[in-house]
Every structure is written in C-alpha cells, then in structure tokens.
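Novice: Chain by chain, the residues:
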Amino acid sequence: MTIADILKGDRGGKTMLLVLLIVTIAVPVLNQTLPAGHPWHIPTYMVTLLGKYLTYALLAVAVDLVWGYLGILSLGHGAFFALGGYAMGMYLMRQIGDRGVYGNAELPDFMVFLNWTELPWFWYGFDMFWFAMLMVMLVPGLLAFIFGWLAFRSRVTGVYLSIMTQALTYALLLAFFRNEMGFGGNNGLTDFKDILGFSLQADATRIGLFVASAVALAAGYIACRYIVNSKLGRITVAIRDAESRTRFVGYRVEHYKVWIFTFSAVLAGIAGALYVPQVGIINPGEFSPINSIELVIWVAIGGRATLYGAILGAILVNYGKTVFTGLMPDSWLFMLGALFVLVTLYLPQGIAGLFRHFKRKQPTDPADGNPAPVTEGGAA
Amino acid sequence: MSVLENVRTTMRRDQTWSIVTPKQKLELNVTTGPILYLEDVNVSFDGFKAINNLNLAIDAGELRCIIGPNGAGKTTMMDIITGKTQPDSGRAYFGSDIDLLRLSEPEIATAGIGRKFQKPTVFETHTVAENLELAMHGNKQVWYSLTAKLSGEQQDLIDETLHTIGLVEHYGKTSGALSHGQKQWLEIGMLLVQKPHLLLVDEPVAGMTHQEMDRTAELLTSLAGKHSVVVVEHDMDFVRSIARRVTVLHQGSVLAEGSMDDVQNNPKVVEVYLGE
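Chains A and B, in that order, are what the protein sequence lines are. Mind the numbering: the first sequence is residues 1 to 380 in the working numbering, read in order. Mind the numbering: the second sequence is residues 1 to 276 in the working numbering, read in order.
What the hints contain is simulated information worked out from the structure, not anything from laboratory work. Every residue, glycine too, gets a C-beta built ideally from N, C-alpha and C. Accuracy of the hints is not assured; some may be wrong.
Unchecked claim - Between beta-carbon pairs, the in silico distance windows are:
#, chain 1, residue 1, chain 2, residue 2, range
1, A, Glu243, B, Met11, 52 to 62 Å
2, B, Thr10, A, Leu134, 32 to 42 Å
3, B, Thr10, A, Ile3, 29 to 39 Å
4, B, Thr16, A, Lys14, 53 to 63 Å
5, A, Val159, B, Gly71, 28 to 38 Å
To be verified - No farther apart than 27 Å at their CA atoms in a straight line, the calculated lysine-lysine pairs in the DSS-like style are these:
#, chain 1, residue 1, chain 2, residue 2
6, B, Lys173, B, Lys226
7, A, Lys8, B, Lys149
8, B, Lys173, A, Lys14
9, B, Lys25, B, Lys49
10, A, Lys193, A, Lys52
11, A, Lys8, B, Lys173
12, B, Lys226, B, Lys25
13, B, Lys119, B, Lys226
14, B, Lys84, B, Lys25
15, A, Lys359, B, Lys25
16, A, Lys8, A, Lys359
17, B, Lys84, B, Lys195
18, B, Lys49, B, Lys119
19, A, Lys14, B, Lys149
20, B, Lys268, B, Lys49
For reference, chain A alone in the conformation it holds in the complex (with noise of 0.2 Å):
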C-alpha cells in the first residue's frame, strides 16, 4: 500500500498535498535566501504564522473524521489539542532549566513563585523529549478513549453527546486556571527558551517547526485518508447513516466509536504540540469553549466529509481572522457568525461542495456510476 494507492481517485487531496508541497519548499527558501526588502521575501513572523494554520488544519482534518465520517458533532476538540499543547509547553518548560526569572534549575518560574519546593509527580518525566511526545499523544488518546467508552456505551448521541464535549472542555478549562492543579493556572506555561536545544528565537528552528508542521498535517491527512478508504471507513460512514442497521448486521458500534475518537483526540494532540512552540505560550483560554466552536465553523466552512475540505476552511478562516481583527477587531466574531451562516444556508457542502458542484457540470456520465472500490480490491 503506497502513498499513491491511498490517494487514489482523491483529486481534491492530491492537490492540496501538492499545493502544501510546493509551499514547504518554496517558504523557507523565499525566507532564506531573500534579503529583508525584497517584494517576495517572507519574513519569519510569517512562517511561524503559517507553522501555526497547518497546524489548526491538522486539528480540522482531526474534527472532520470524527464529524464529517462519524457524525459526531465534538464541541471540545479544542480539549485535546490543549492536552497536546500543555504536554508540548511541559517539556519547553523543563528545556529552560536556571535560565528562568529566578534561575531555580529543577522548578518553573510559576513553582517557584507559588513556593512550591519540590516538582509534583506529574512534571517528572517531561524533561526527556521522548516522554513529552508520548504524552502528547497518549493524555488526549486517554481521555478520549475513556469519555468516548463511557459516552458511547450507554449510547449518548446527537446533540447531548455534543454538549458533554462541551461541558468536558470547559471543566479542563476551569481546572487548569487553578494554580493549585500545578500547569501554571492563568498564565500558562511561556517564556520558552529552546527545543532540543535549538533556540525558539532562531529562524532556522522556527523554519523547522513549519516544516514539522507540513508534514503533520500530510501524514495525518494521509492517514485519515487511509482510514476512510479502508473497510473501516466504510463502517464508521455506515454508522452515521444507519446506526442501528450497523448493530443489527453485527458490528460493535461502540468500538467503532471509540476507535475513531480516540485517533482523532490523538490527531488534535499532535497538533497542540506543534502549535504551542510557535506562539510561545500555552494557557488555559485553549481549552475555551469558544475555540471548540470557531474549529467546527472552519471543518462546516470547508466542507465536512471531505478532509481537505477541513484544510482549507482552517486555513482560510483562520487568514481572514488575522487580516480582519487586525483591521477591524471588533467585527470578527460578527464576521464569522455571517459566515457561518451563509455557508449553513447557501453552501450547505461548504467550499468542498462548490468544487465538486463545477466538476460535476463537465460532460461526465453520473448515471453509469463510477466503479466501487470494493470491486477494486477483490481482484487482488
């Protein structure tokens, strides 16, 4: 099973691949090798403004497999992205060792601030790389495969299932404003120095984090692309059109569920911790109900059930956020309602939909069908 196996017959990914391609090469060389004045050099605010949409339209492509493949409306993605971010700034923390304010080698400036005298239980381990990664996966991986098998067994769906994801968001979020929970309350954890020993503040590292970044995003898109294709796929589809049917042909609905949450919880991990280098700073306002929201809006804008629909309404939402609230702060939220809207009333498919909508005006034949992939794969 190759890369072009998998992307077989999905022009729209294939595409954006190309398109997400071209930018990581063209970004950092554009960056590099042009002088400051230069009409087409891109500063390095700029890739790091980057690094940080691919990494939300990783957390998309995370909330359009369980929304878009699953029918499962998650209000509190943005948990799982936090967990990720907060177990990313955790290690960043340890990185900064006696270079902090009050230059104590073993605790955090906040630690010290608070008199705390020793590192609590859960900050051991976070000073080795590997550990800090693990956690970034393993901690939202947990929590979604325990609030999924809880919720999913006693078979909560639709609209309650969504406000529990918001209520579990929102209670992390006010458990980690406190000082006492021992992640830095409401400032967070910043001030970060380096990353495996490679200064933040260097464009060579940061060029690197928006590399990392691109190739997140391909490998979850390619992955979730995988996924989808897969027999799998076609269950996880055909338990949001016909749940019951799904049980009575003998499938165990609730793993399914659970399976596909608790990888996309992973996905949205993933992209926390890519996240929190590049804006420096990790704190409580993540885990807000607002964001779980806002990433939705960009997987609707985008069109669900697509994958790189999700990708492109993270993107282009998230651009118009920074070019609006910069010229006109006060009428983003207002903007982004219209929007919403709009996109709900008039694109009910979102910007995927439009595509598909012009492609299909060229002279094809939708009546003979296009050959099932199930066919495909019984020849081999």
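Based on the hints, put chain B in the right spot on chain A.
Specialist: Below, chain B without anything else, positioned relative to chain A:
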C-alpha cells in the same frame, strides 16, 4: 429497605453474578428442538402491553408467516429477538443453548439472526456492492476492518448475491438512488451475505409490483429448508402464496396458528380481522 433488598438480590446464593459467568458460546444447537423459542414473554411500554404472554416456537428450516392487525406486537417481537428491546419477563432462546436476552444486537447478529426492517434501511451513501460487503459475515473487529480486503470467495458471494437480487447492473450505484423496491431487494441481499441461520423479514413486499412480489416469494421459499425464515406481512395474497404455517398475533399474544386455510376459517381470527 430497598437497599437491603437490592443487596439481597445481588448476593443471592443460588446465582452467580453475571459478570463472573463465562461468556456464552455463540454456537447454534438445534439437534433437540426448535431454532427459536419464546416463552411467556411480556413487554409493556408505559403501561401498554405490547407483548402479552407470547409463546412461539419456530422449527429449523421452517418458513413461518406472522400476520396480525396493526399494534399486534409483530415488530416488538422482532425487536426482542434481535436484542433491541429487553422484555419485562419471559425467556427467549436461539437453538437450545443461546439465551438471546443476555446478548447485545451485534452478538445476536453474529450468532446468526438476520433482520430486514419494515422500512428498508440500507447504507444510503454506499454503493450497492459496498452495502453487501459491509453486511458480509466474517470478522467484524475494528483493527481487522482497518486492513480488511475482500477475498476472492467473498467477491464471488457478492456477485452471486447481486444476481439473486437482480441488481447486477446497479452494483456501483449509490444505494440511496435505488427505487423503493430495489432497496427492499438490496436489504434482502444484505441478509443473504450475512449467512444467518434465522431470517426475520419484516414486510418484504411493501412497495413492490406484482412481478417483484412473485420473485420475492420465490426467493423466500427457496431459502426455507437451508435457513429458517420468519416473515411478517400484511399482504394476504403474498402470505397465501408462500405460507405453510401461519401465526396470527393479536394484542401481543398468539391468537391462532396453523395452515392458511385453518387460520382463515378460525372464527376468532375472522372477528379480529373483520371487526367487531
């Protein structure tokens, strides 16, 4: 008081806790009795007795038609057998060993009971062939599905079933685009690839033309023998064309049972059907 009672029921010495008893083996055993056996089953919804002391036995290989006026409990009975509804009391056995009331819907499906719904329910965004692939018997674990490929044998089964249900030329079509009758057929096809021992078929000919009905009748009769088939149907002509034994349900219990002629001449049945 009720706490004490709860403790007493939990700690009963003549029973082991359900969590420590081993999982049932899902192997059908029909050597000593009927394939499906319902005894004194009761279900009530908000005080309304949907099923009232229902007793029913279906023999292996039998084709049984179940008729009855609206609200007689036909669909509720199917819900009990397939694990969707838990009865208030009673017993339900599949073969002589499998206790249906202790199993979930997927487990019952795996044990070998297939169901066709009253309203045709197929996976609308999937193609016809994919619908059959999903319904196919076999390993249904999550990790297995991630890498699952159709074997040649399974592909053959799909092709064969497409022939049987007359949808060969539509195999690549989205099943949501099929006509009502075709969806009915597709759902029957999904039952076939599931390879169940017992088929529960709820109103198979609703929305079908007479020709299609004849084909359905032919198919269901050909299935009997190898499988056991329970058909719930309103269309009397259709029932007459396939039925050997007919059970009449009324107000949640069996009113009459026998051949079509016996049942039709039964004064109680006439009264229920022709009104007060």
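Novice: Sort out whether Lys359(A) lies within 27 Å of Lys8(A), counting only the CA atoms.
Specialist: holds, 17 Å
Novice: Sort out whether Lys52(A) lies within 27 Å of Lys193(A), counting only the CA atoms.
Specialist: Since the Cα atoms of Lys193(A) and Lys52(A) sit roughly 18 Å apart, the hinted pair holds (cutoff 27 Å).
Novice: Go ahead and decide if the range 52 to 62 Å is satisfied by the Cβ distance of Glu243(A) to Met11(B).
Specialist: Violated, since Glu243(A) and Met11(B) (Cβ atoms, about 37 Å apart) do not stay within the stated range.
Novice: Has the given pair, Lys49(B) with Lys119(B), been kept, meaning a C-alpha gap of at most 27 Å?
Specialist: holds, 23 Å
Novice: Kindly confirm whether 29 to 39 Å is satisfied by the beta carbon distance between Thr10(B) and Ile3(A).
Specialist: violated, 55 Å
Novice: Tell me if the straight-line CA distance from Lys359(A) to Lys25(B) falls inside 27 Å.
Specialist: violated, 52 Å
Novice: Is the hinted pair Lys173(B) and Lys226(B) satisfied, with a Cα-Cα distance of at most 27 Å?
Specialist: The given pair, whose Cα atoms are some 31 Å apart, is violated under the 27 Å limit.
Novice: Kindly confirm whether 28 to 38 Å is satisfied by the beta carbon distance between Val159(A) and Gly71(B).
Specialist: Given a distance of about 31 Å, which is inside 28 to 38 Å, the answer is holds.
Novice: Assess, step by step, whether the Cα of Lys268(B) is no farther than 27 Å from the Cα of Lys49(B), and give holds or violated.
Specialist: holds, 20 Å
Novice: Lys119(B) and Lys226(B) were given as a pair; does the straight-line alpha-carbon distance stay at or below 27 Å?
Specialist: holds, 26 Å
Novice: Does the structure keep Lys8(A) and Lys149(B) at a Cα separation of 27 Å or less?
Specialist: Satisfied, since the Cα-Cα distance of roughly 16 Å is no more than 27 Å.
Novice: Measure nothing beyond the straight line between the CA atoms of Lys173(B) and Lys14(A); if it is 27 Å or shorter, mark the hint as holding.
Specialist: holds, 25 Å
When held up to the earlier numbered hints, the structure conflicts with 1, 3, 6, 9, 15 and fits the remainder.
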